[in-house]
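Chain A is already provided as a structure; the job is to place chain B on it using the hints.
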Amino acid sequence: MNKTLFLGTLAAGAMLAGIAAAGTLDDVKARGVLNCGANTGLTGFGAPDANGDYQGFDVDLCKAVAAAVLGDQSKVKYVPTTGETRFTALASGEVDLLVRNSTWTFSRDTDLKLDFVAVNYYDGQGFLVRKDLGVTSAKELGGATICIQTGTTTELNLADYFKSNSLEYTPVTVVDDADAQRQFLAGACDAFTTDASGLASARATLPNPDDYVVLPEIISKEPLGPVVRHGDNNWGDIVRWTYYALVEAEEKGITKANVEEMAASSTDPEVRRLLGVEGEQGKFLGLDNDWAKRAIAANGNYGEIFETNLGESTPIKLARGLNALWSQGGLQYAPPFR
Amino acid sequence: MSGATDLPKPAFRLSSLIYDTRYRFITIQVIVLILALLFTAWLVENVRSNLALKGKDIDFAFLWRRGGYDIGQHLIPYTNDSTHGRAAMVGLINTLVVAVLASILSTVLGVFLGVLRLSKNWIISRLVGVYVEIFRNVPLLLWIVLVAVVFSETAPAPKDFKLVNGVAKASMSLWDSVAITNRSTNVPFPLLDRPLPAIVTPWFTLPTSLLAILALIAGSIWAVLRLSRRATAVQEATGMRPVTWWQSLAILFAPMLAALYALGFHLDYPALKGFNFQGGLSFDHAFTSLTLALTLYYAAITAEIVRSGIQAISRGQTEASFALGLRPGRTMSLIILPQALRVIIPPMISQWVSLTKDTSLGIAVSYLDLRGTLGGITLNQTGRELECMLLMMLIYLIISLIISALANVYNTSVKLKER
Chain A
1 MNKTLFLGTL AAGAMLAGIA AAGTLDDVKA RGVLNCGANT GLTGFGAPDA NGDYQGFDVD
61 LCKAVAAAVL GDQSKVKYVP TTGETRFTAL ASGEVDLLVR NSTWTFSRDT DLKLDFVAVN
121 YYDGQGFLVR KDLGVTSAKE LGGATICIQT GTTTELNLAD YFKSNSLEYT PVTVVDDADA
181 QRQFLAGACD AFTTDASGLA SARATLPNPD DYVVLPEIIS KEPLGPVVRH GDNNWGDIVR
241 WTYYALVEAE EKGITKANVE EMAASSTDPE VRRLLGVEGE QGKFLGLDND WAKRAIAANG
301 NYGEIFETNL GESTPIKLAR GLNALWSQGG LQYAPPFR
Chain B
339 MSGATDLPKP AFRLSSLIYD TRYRFITIQV IVLILALLFT AWLVENVRSN LALKGKDIDF
399 AFLWRRGGYD IGQHLIPYTN DSTHGRAAMV GLINTLVVAV LASILSTVLG VFLGVLRLSK
459 NWIISRLVGV YVEIFRNVPL LLWIVLVAVV FSETAPAPKD FKLVNGVAKA SMSLWDSVAI
519 TNRSTNVPFP LLDRPLPAIV TPWFTLPTSL LAILALIAGS IWAVLRLSRR ATAVQEATGM
579 RPVTWWQSLA ILFAPMLAAL YALGFHLDYP ALKGFNFQGG LSFDHAFTSL TLALTLYYAA
639 ITAEIVRSGI QAISRGQTEA SFALGLRPGR TMSLIILPQA LRVIIPPMIS QWVSLTKDTS
699 LGIAVSYLDL RGTLGGITLN QTGRELECML LMMLIYLIIS LIISALANVY NTSVKLKER
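These protein sequence lines map, in sequence, to chains A and B. For the first sequence, position 252 matches number 252 in this note's numbering, and the numbering has no gaps at all. For the second sequence, position 273 matches number 611 in this note's numbering, and the numbering has no gaps at all.
DSS-like cross-link-like pairs, simulated, lysine-lysine; straight-line CA separation at most 30 angstroms:
{"id": "1", "chain 1": "B", "residue 1": "K392", "chain 2": "A", "residue 2": "K283"}
{"id": "2", "chain 1": "A", "residue 1": "K163", "chain 2": "B", "residue 2": "K500"}
{"id": "3", "chain 1": "B", "residue 1": "K507", "chain 2": "A", "residue 2": "K131"}
{"id": "4", "chain 1": "B", "residue 1": "K611", "chain 2": "A", "residue 2": "K131"}
{"id": "5", "chain 1": "B", "residue 1": "K392", "chain 2": "A", "residue 2": "K29"}
{"id": "6", "chain 1": "A", "residue 1": "K139", "chain 2": "B", "residue 2": "K507"}
Note that these hints are calculated values from the structure, not bench results.
Chain B with its partners taken away, still in its complex shape:
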């Protein structure tokens, strides 16, 4: 502003790359970049030359060769004739199933606990406090192993369900529909006698019956919404709201029941045949214990994040809301939580990412996820350590980046709009 600062700027000379602060930062950045590139190149070259010395090369052809091993839990068709690549896919899907399920469950449970932690009821808030402290201060791996051991040591063996002289040592729970053995949890599974023809592609089978039922449900819900909107319109016009509950119920259930009957819907109950329970849906304890332990552990961390998020909102917001006559429940859901989300979402993103990575701890309970198939059996049977590890790191990286990206999109939508 004053004339004293308007000294003539010296022209660029080579020496100003070192002495002139305007140019020096460029020099430093270029040097750092060159050093980083050199270091990377040295690492790559070191690995390459040493592999060559061992007579090994980097080759991903094993992914297309026969795997030769079996995987207990596979959600896409897989046999021991399938390729190592297919086995890795099975593992990836197993990883994702646990990650998605545990993320959803831990978030729901965590939000619930986080709100309870702030309860005015001393007992409840302290109980949740104890839960949080216990779960987040013991390593996750120990929780996973503990849950697995509890299942395998306390639940009865399948053969205990057998009738010996008219008496069985163990019986199924929930009206003989659910069997918890020391290996798996067996629940009934819905089956269709007359399903719609499925569309089969080489990569996956399109479950047309399921899609049709889902479409029907969506249609019914839409119709019910239309009905309620019309009722509101009538109410606004005449002041009298027509009675619609029985129409709503009929629209919701009648078409679905008719469709299910037409498709021949029935439940397939698990039954003891030979060594194990057959029929129904069987959840391996490896899966259950991994999902359960991840859920409980991350719920504790989520609870803390939610609590801090809520406490970050000024007390005045609550008071203002009460002054407007909103009840405490509505205050929480309409005023506090939407604002708290801005504080909560960023740390939650890193929780979901780290939960997904922590599914690889499933190896401790023999859960065949990506780490168990590609990074475990395939790695061992083919001896391609470097390739398997690189591929696995790349896949985990991609999954984590996708989670971050999606969560960031959501974060942008809820964050404070600055106008």
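So that you can see chain A by itself, here it is in the shape it has in the complex:
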């Protein structure tokens, strides 16, 4: 891994010159494929299914961007990244877009020279424990051994939380979610901590989900969102507004099924602008006017994507909570399309 990272960094330099000059959009169009940084495997967010095809909440955003830019949601190459390798992969140009449960923080946005363009999942860090451990609160975890994924914000939050509560703990630092789950299952740690959504996903994939419980404490704010490289604002705009198009579509009741019909018959000026019937919004992004229509037609609006991958009908059973639309008491809010 040392060598890969180092060579990657060196190679990054050489490649970056070309990328920065040409612009990511031109690059993606010329390549005909969107390189999307995905999770190595977090069910519901980004994981290969039985056929090896990537599926999930984050993956669907990659597909929407591919549909908007290339006109075909299948033209995505998923690059599996770990918590450690993800930002290097993005900074080096190995991926055009990173949608991998990455928390938006000040230092990543500034010092790491990345741009978080939106928040597609408002999350917080929690703890997963075995039910028979008899623990009902994170405050009772003093002296416990805790599995954490390295290279994440959770590792820092954990240290802060235990310090502010004057508790001791033993960290077991693992490379990715899969390894963390294995260690947790083998009993090498008492608790597994990551974003609450990740815990719900992990719990759903454990052999007997009912033997495990997510503790009530949420110890941090984890706004997760798509990330692009700093400096290519046009590409950032495309990803940001593709995402907002999905949110706006939910608000306006545009679904995968009725998107064509809405485009043909809607009289709402905002819907008409969004779907490219009116105005020339696509041109401002460097795309054609049907970009948003294709993005929505790919896997539906934000609500549909949430329900198919994470909602009550899936094994993960996450409620919308903070991720409901602003009009329904949540935080998901798209700026006006005008």
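Relative to the frame of chain A, chain B by itself:
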């Protein structure tokens, strides 16, 4: 020697830099040197300009900023308020601990196995042969992961040691002193009730009690040696060796026992408290499995080196030694091994160096060594890939050079003295 070769040598001209073999080698070397320097300069400039393009600079200031993360195994005081530099130090020490321990253990085990490999006993030599072939022909990483998985999957969880209705699923071994759980090995640890005041400096704490005990032991050994020398003198003078064993024992143990009693020595036994065993000394399985796998793997390679070293010594040496009446054991230790060392040491140096570098494979079992702290968490949290990697390469380079230098000094001392 003959007059025909004494042609007058042509004087130096500019063209002789190309055509005259006496000068051409200088030209070639200068050109190669210039090319190498140009290539290096191009690499450095390429990295610098491309980093500048990304808006990044080379800056080591992060080493003095708060790390913010915790490390399970730290031999020097460390909290999440410590700096990234301190975390790197903790990692470096963890690396060195494993490297030193595994080097010593693998060398001892390897020498032992290498000698056994040459045993006349067919079963023993074949068994060692099988061991060597199995261990050195499977990648080290797989051994490390295997040992770690065996520990974590087969050992009982800490809560299995708890008494439920008077029965516990697992119990501690060695008279209730050692607990092996699926997380760590917990052994008793010596503690002092009335220790000597420690000398505290900002960088380290001087363990005065430990040093005092070590000094006492050294003193006792010296006294015993004096005693035995005097006994030898008496024996040479009178032909009768005085009985000294009880004096030796008294000198060895009485002062130490008295000192330990005065310092309030006792063993701190591990006990299950809450989620884990507390008290005593706890070895993480990450540490144990890394050390164990490195030891077993490098012992196999060392065994081969030792075997080849011994076989390099001519059979005549053994026969001569037998002819002088030396027993096989003494032949090996007095005649064969000292000569074999000359063949053994050079490849051993590179084994120790490569063992030290291979400790970085500890990342596979979450062992937080230099690679795990500086090259892992710090790198990720600060995003300073190039700086962390350069620093880490430099540190590994320095460690390896030190090992080579020390081993070469030893090699010089045992090599054939040409007079």
